[in-house]
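Mind assembling these two chains? They're in different frames, but the hints should get you there.
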Amino acid sequence: MPPVDSFVENPHWNWFIVVYFFLGGIAGGSAFIGGLAALVGGDRMKPVLHWTALIPFPLLAISGLLLIADLGRPERFWHMMIQNQTWWPMFKYWSPMSYGSWLLLIFSGLAFVNFAAAIIGGRQGGFLGRFSWLPRVVGGGVLGTVFQILLLIFGYLFASYTGALVTATNQPIWSDTTMLGALFFISGVSAALSILILLTGWRSHDHYIVDRLETVDNWAMLLELVLIGLFLAFLGSIAWTFLAHRYGLTLLIGTVLLGLLVPLFLHWQPRLLGRTTPMLAAALALLGGYALRYAIVYAGQEIPIGGRMMG
Amino acid sequence: MPAMGFYTDTTVCIGCKACQVACHQWNDLPADLAEQPTGPDQPGQTRPLTGMSYDNTGSLSDLNWRHVKFIEKSQASDGTLSYQPTDASRENLQWLMMSDVCKHCVNAPCLDVCPTGAIMRTEFDSVYIQQNVCNGCRDCVSACPFGVIHMGGPENEGKGIAKKCTLCYDRMQHSLAPACAQACPTASIQFGPIEELKTRAEQRVNQLHSMGMSQARLYGADEKILGGLNAFYLLMDEPEVYGLPSNPKVPSRNVLPTNLWSFGSAILMGIAGLVSFRKRRMDSFAQGAAEQRRQEEVR
Numbered sequence: 001m002p003p004v005d006s007f008v009e010n011p012h013w014n015w016f017i018v019v020y021f022f023l024g025g026i027a028g029g030s031a032f033i034g035g036l037a038a039l040v041g042g043d044r045m046k047p048v049l050h051w052t053a054l055i056p057f058p059l060l061a062i063s064g065l066l067l068i069a070d071l072g073r074p075e076r077f078w079h080m081m082i083q084n085q086t087w088w089p090m091f092k093y094w095s096p097m098s099y100g101s102w103l104l105l106i107f108s109g110l111a112f113v114n115f116a117a118a119i120i121g122g123r124q125g126g127f128l129g130r131f132s133w134l135p136r137v138v139g140g141g142v143l144g145t146v147f148q149i150l151l152l153i154f155g156y157l158f159a160s161y162t163g164a165l166v167t168a169t170n171q172p173i174w175s176d177t178t179m180l181g182a183l184f185f186i187s188g189v190s191a192a193l194s195i196l197i198l199l200t201g202w203r204s205h206d207h208y209i210v211d212r213l214e215t216v217d218n219w220a221m222l223l224e225l226v227l228i229g230l231f232l233a234f235l236g237s238i239a240w241t242f243l244a245h246r247y248g249l250t251l252l253i254g255t256v257l258l259g260l261l262v263p264l265f266l267h268w269q270p271r272l273l274g275r276t277t278p279m280l281a282a283a284l285a286l287l288g289g290y291a292l293r294y295a296i297v298y299a300g301q302e303i304p305i306g307g308r309m310m311g
Numbered sequence: 001m002p003a004m005g006f007y008t009d010t011t012v013c014i015g016c017k018a019c020q021v022a023c024h025q026w027n028d029l030p031a032d033l034a035e036q037p038t039g040p041d042q043p044g045q046t047r048p049l050t051g052m053s054y055d056n057t058g059s060l061s062d063l064n065w066r067h068v069k070f071i072e073k074s075q076a077s078d079g080t081l082s083y084q085p086t087d088a089s090r091e092n093l094q095w096l097m098m099s100d101v102c103k104h105c106v107n108a109p110c111l112d113v114c115p116t117g118a119i120m121r122t123e124f125d126s127v128y129i130q131q132n133v134c135n136g137c138r139d140c141v142s143a144c145p146f147g148v149i150h151m152g153g154p155e156n157e158g159k160g161i162a163k164k165c166t167l168c169y170d171r172m173q174h175s176l177a178p179a180c181a182q183a184c185p186t187a188s189i190q191f192g193p194i195e196e197l198k199t200r201a202e203q204r205v206n207q208l209h210s211m212g213m214s215q216a217r218l219y220g221a222d223e224k225i226l227g228g229l230n231a232f233y234l235l236m237d238e239p240e241v242y243g244l245p246s247n248p249k250v251p252s253r254n255v256l257p258t259n260l261w262s263f264g265s266a267i268l269m270g271i272a273g274l275v276s277f278r279k280r281r282m283d284s285f286a287q288g289a290a291e292q293r294r295q296e297e298v299r
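Quick note, the sequences are listed as chains F and V, same order.
Note that our numbering gives residue 292 to position 292 of the first sequence, counting from 1, and the numbers run on in steps of one.
Note that our numbering gives residue 181 to position 181 of the second sequence, counting from 1, and the numbers run on in steps of one.
The set of hints was computed from the structure by calculation and includes no laboratory data.
Glycine is no exception: its CB is placed at the ideal position from the N, C-alpha and C atoms.
Any given hint could be a false lead.
Here are the simulated BS3-like pairs of lysine-lysine, each with C-alpha atoms no more than 30 Å apart in a straight line [to be verified]: (1) F:Lys92 <-> V:Lys224; (2) V:Lys73 <-> V:Lys198; (3) V:Lys249 <-> V:Lys73; (4) V:Lys198 <-> V:Lys249; (5) V:Lys249 <-> V:Lys224; (6) V:Lys159 <-> V:Lys249; (7) V:Lys249 <-> F:Lys92; (8) V:Lys73 <-> F:Lys92; (9) V:Lys198 <-> V:Lys224.
Short derived list, chain F residues pointing at chain V, Cβ under 7 Å [said to hold, decoys possible]: (10) Arg73; (11) Ser160; (12) Ala168; (13) Gln171; (14) Val189.
In isolation and in its complexed conformation, chain V is listed as follows (with noise of 0.2 Å):
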C-alpha cells in the first residue's frame, strides 16, 4: 500500500472552511460551544469572536481537527511587515489562508514517545490514535511540534483521550477519500499517494515561480521536516507566519545525550559519597592502628 496523505496548495485556499464543515460532520464532531444550553432559555452560545480576522475557532482542538488559518499581512512604506489583524498602521494587505491538520509525519514525535502504544501507524503510513488504547498521559500533547494533538474534554464522549485527525481512516478502509479533501471546493486540499502529490506540488511551484512569485515553496514535502509530513504544504511565505515550525524535532534525540549528563553526574556523585563516607572509616582505622602501635610499645 503506498503511502497515502494531503497535499495543500495554500495559493488556491478561499478560506471557505468547507473542510472544517465536512471534518466536523462526517467524525460526529460537536460544534465547540463556549457555554451548554441549560434550558429553554438559556440556549447555550457560540464561542466569542477571536478577533483573528475571520478565525472563529482559533486553533486546532479536540473538536477540531481541521482548523482554516487566516493571517493577515500587510507591508508598510517604508518595508515593514506586520501580521497583526489589530495593527491600526497597516497597508497593502494581503490574506494567506491555510487548512491546518494534522501532518502524519513520517517520524512521528507523538508516536515517538507514547507510552501505551495508542498512536500506530496505519497500513496507509498515517498516524492514527486508537481511542480505546489511549489513557491520556499526555505525553504526545507535549511531544507534537505543530500543537495538533488535544485532549478530549469532560463533555465528549472520548474524555481525557487524546484527539486528532484520523486522515479520515474509516473512508479510508472503503477507499473514499477523506471529508476535508472531498469537500474543498477549490481543490487547495488534495488526497493521493504521497509520491504522486510531491510530484504535482513540484510543478506547482515551478509554475508559481515562472509567474515571478519566487516566495513559494514546499513545507514537509522532502524528508527534511521530520523525515517528510504525509500533510505537506506549498506555502508564499516563511513557515513560521503559517504557525509552522522551520526546525521541528523527533523528542528521542535527546534522551541519549540527557542520560550521558545524568550517568555523568552520577558517577561524580558516587566518586563524592566513596571519598566522603570512606574518609572517617579510613581515619578510624588510622586511628586504630596507631593505637595499637602505643600500646605494643606500652609493652
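Next comes chain F alone, as it looks inside the complex (with noise of 0.2 Å):
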C-alpha cells in the first residue's frame, strides 16, 4: 500500500452528535410507537399514549441545543433553513442534513403540541385551563387521527434521517453501507420501547402494556440484529478491520451481546430475576442503543482504513 495522505478528512463530530443520534432515536422512535400505540391500540394502551406524548418534545428541545453547539458558529444556526442573502428557505431534499434540519423544526413543533396537551391533560382552570380543548382536538376524532399520523411518520423520519446523514458522506464505513438509516430507526424504536417498558413498569407495574411492548421490543431487536448483519456484510473486507478496532468490540459487546441478545433472552425468561427482570432488559437494550450510535459514529471518524485515513 502506497503512502498517502488522508484523503477524507475528519469532521470531528464528537458526543454532542452521539448523543443527539441517540435521543433523537428515541424521540422519534418514541412518536412512531405511539401513533401505532393510537391507531392501533385502543383503550388498553392509552397509558402508553400519556408518555408517548411527554418523551419526545424535551428530548428535540435537548437535539436542538446540542446541533446548535456543535457549529462552528452557532449564531448562524437558522442558516440551515433561511438563506440569509435572499431570506429565501433554504432546501435540497438530496441533502440529508439539509432536509434533517426541516424534520427536526417540524417534528419539534408536532411534539409540542402533543407534549402541551398531555400536560394540559383534563385542568379546566387557570392559564391552561384556557386550552383545554387541545387534548380533545388531539386525542380523539379526524383530527386527532390525523395528527396521530403525522406524528409516526414524522417520527420515522427523523429516527431514520440520522443515518442518511453519516451515510451521505465519504466517511469510510458510514458511506460503504445503506443500513444505517434503517439500523438507527430500528435502535431508536427499540430504545423508545424501552424508555415505555421502564416508566410504566415502574409506574403502573401494568403487565398487560408491558408485555405488548416487549413483543414488539422482540420484533425491533430481532430486525436490529439483521439490520447490524447485514450493515457488517455491506462493509465487506473493511468488516474486519472494523471489527477488530475497539469501536467494533464496543458494537459487538455493548449493542449485540448487551443490547441485543442478552435483553432478548431476558424476555423470553422474565421470571428469571423476578420484577426486575423486564427493567433490566430494558437499561441494557438502552445501553445498546447508546453503545450503536457512539461505536458507528466514532468508527467512521477514527479507524484508519485502507489508504483512506490517517491520523
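Shown next, in the form of C-alpha cells:
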C-alpha cells in the first residue's frame, strides 16, 4: 500500500452528535410507537400514549441545543433553513443535513403540541385551562387521527434520517453501507420501547402493557440483529478491520451482546430475576442503543482504513 | 463564460513551493505556527519537522490551501515498491512531487451536501465557500473525498468556518490568473479554460508515452472522476500513490437506497406493532363474545 495523505478529513463530530443521535432516535421511535398505539392499540394502550406524548419534545429541545452548540458558528444556526442573503427558504431534498433540519423543526412543532396536550390534560381552570380544547382536538376524532399519523410519519423520518446523514458522506464505514438509516430507526424504536417499559413498569406495574411493549421490542431487536448483519456484510473486507478495533468491539459487546441478545434472553425468561427482569432488559437495550451510535459515529472518523484515512 | 481551472503536470514539478508561498501571500494566510509568540522571550515556533521528505506542512489545512507533496518511491532489486521515507532498505529512489489543491469538481461532493448554500458554483465553474454564510456544520469536510476542506481554527479571522482554495476568485474577476499558477516557475500548474487545458494535457501524455513513459496518465480530465475535475492532474503512478482516490463518489448517491431500506424497516416495524398491539385487543373481543354467548345460553 503506498503512503498517502488522508483522503477524507475527520469532521470531528463528537459526543454532542452521538447524544443527539441517541436522543433523536428515542424521540422519533417514541412518536412512531405512540402513533401505532393510538391508531391500533385501543383504550388498553392509552397509558402508553401519555408517555409517548411527554417524551419526544424535551429530547428534541435538548437535541436542538446540542446541534447548535456543535456548529463552528452557533449564531448562524438559522442558515440551515433560511438563506441569509435572499431570505428564501433553504432546502435540499438530496442533502440529509438540509432536510433533517426541517424534519427537526417540524417534528419539534408536532411534539410540542402533543406535549402541551398531555400537560394540559383535563385541567379546567388557570392559564392552562384556557387551552383545554387542545387535548380534545389531538386526542380523538378525524383531526386526532391525522395528528397521530403525522407524528408516526415524522417520528420515523426523524429517527431514520440520522443514518442517512452519516451515509451521505465519503467517510469510510459510514458511506460503505446503506443500512444505517434503517438501523438507527429500528434502534431508536427499540430504545423508545425500553424507556416506555421502564416508565410503565415502574409507575403502574401494568403487566399487559409491558407484555405488549416487550413483544414489539422482540421484533425490533431481532430486526436490529439482522440489520447489523447486513451492515457488516455491506462493509465487506472492511468489516474485519472495524470489528478488530475498539469501536467494533463496542458494537459487538455493547450493542449485540448486552443490548440485544441479553435483553432477548431476559424477555424469553421473564421470571429469571423476578420483577426486575423487564427493567434490566430495558436498561440494557437502552445502553445498546447508545453503544451503537457511539461505535458508528467514532468508527467512521477514527479507524484508519486502507489508504483513506491517516491520523 | 467557459469553465476555468488548473492542469497540473506533476512531471515538471520541482517542489519549490512557490505556489504555497504565493497562495499564502495573496490570500493573506498566516504561517501555520505550532506555538504563537507570547512575549519577547517566547517568540513562538514553526511546525515541527514532519519527517516526510521535504514536506513541512503535512497536508492541506485551513491555512494551507496549496500543499506540495513529496512522495519518495523506491524499488528494491526484487521489484518490491516502497513509499516510506523511513524505510531503511530503499533503493532506486524516485521523487514524485505534486502540488495539491481543491479540485473544484464538476459534481462537487461538498456543494452537494452543504445545507446552508454557503458552497456555491461561480461563473467560472469553480467551487467557492461564502464565508458570511457558512455556519461550520462540517458536512462538507466529511463529504470531500480529497480531504481538502478544513475548519478555521479559533486563532483565525474566519474561526469555525470551512476553508479551502477559492481558485483566486477575486483575481479571476479582474482577469488575473490565480496566484499559484502565476508563481509556478516550471509551468507545472497551468491555468486557463478547461477545454484548452485538456487538449494540452493529452498532447503532453502522448509525448511522454512516445518517450517510453507509459505510466503517464491523466486524473480527473474526463467525466469518470466526479463528472470531471476543474483542477486535474498528469500523474506518473497510480492515483493512490499521490493521495488521490481512484473512484470518489458523490455523497447523495446513498440517500435514496438508505431511505428505501429505512422505509422497508418502518413497514416491518409497523406490521409488528399492528400485530402486537391489536392481538390482545382481538383476544379481548373474542373473550367478550364468548362471555356474551355464555350469558345467552344461561338465559
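Outcome of the hint check:
{"no.": "1", "hint": "F:Lys92 <-> V:Lys224", "result": "25 Å, holds"}
{"no.": "2", "hint": "V:Lys73 <-> V:Lys198", "result": "27 Å, holds"}
{"no.": "3", "hint": "V:Lys249 <-> V:Lys73", "result": "28 Å, holds"}
{"no.": "4", "hint": "V:Lys198 <-> V:Lys249", "result": "22 Å, holds"}
{"no.": "5", "hint": "V:Lys249 <-> V:Lys224", "result": "10 Å, holds"}
{"no.": "6", "hint": "V:Lys159 <-> V:Lys249", "result": "29 Å, holds"}
{"no.": "7", "hint": "V:Lys249 <-> F:Lys92", "result": "18 Å, holds"}
{"no.": "8", "hint": "V:Lys73 <-> F:Lys92", "result": "44 Å, violated"}
{"no.": "9", "hint": "V:Lys198 <-> V:Lys224", "result": "14 Å, holds"}
{"no.": "10", "hint": "Arg73", "result": "5 Å, holds"}
{"no.": "11", "hint": "Ser160", "result": "4 Å, holds"}
{"no.": "12", "hint": "Ala168", "result": "4 Å, holds"}
{"no.": "13", "hint": "Gln171", "result": "5 Å, holds"}
{"no.": "14", "hint": "Val189", "result": "6 Å, holds"}
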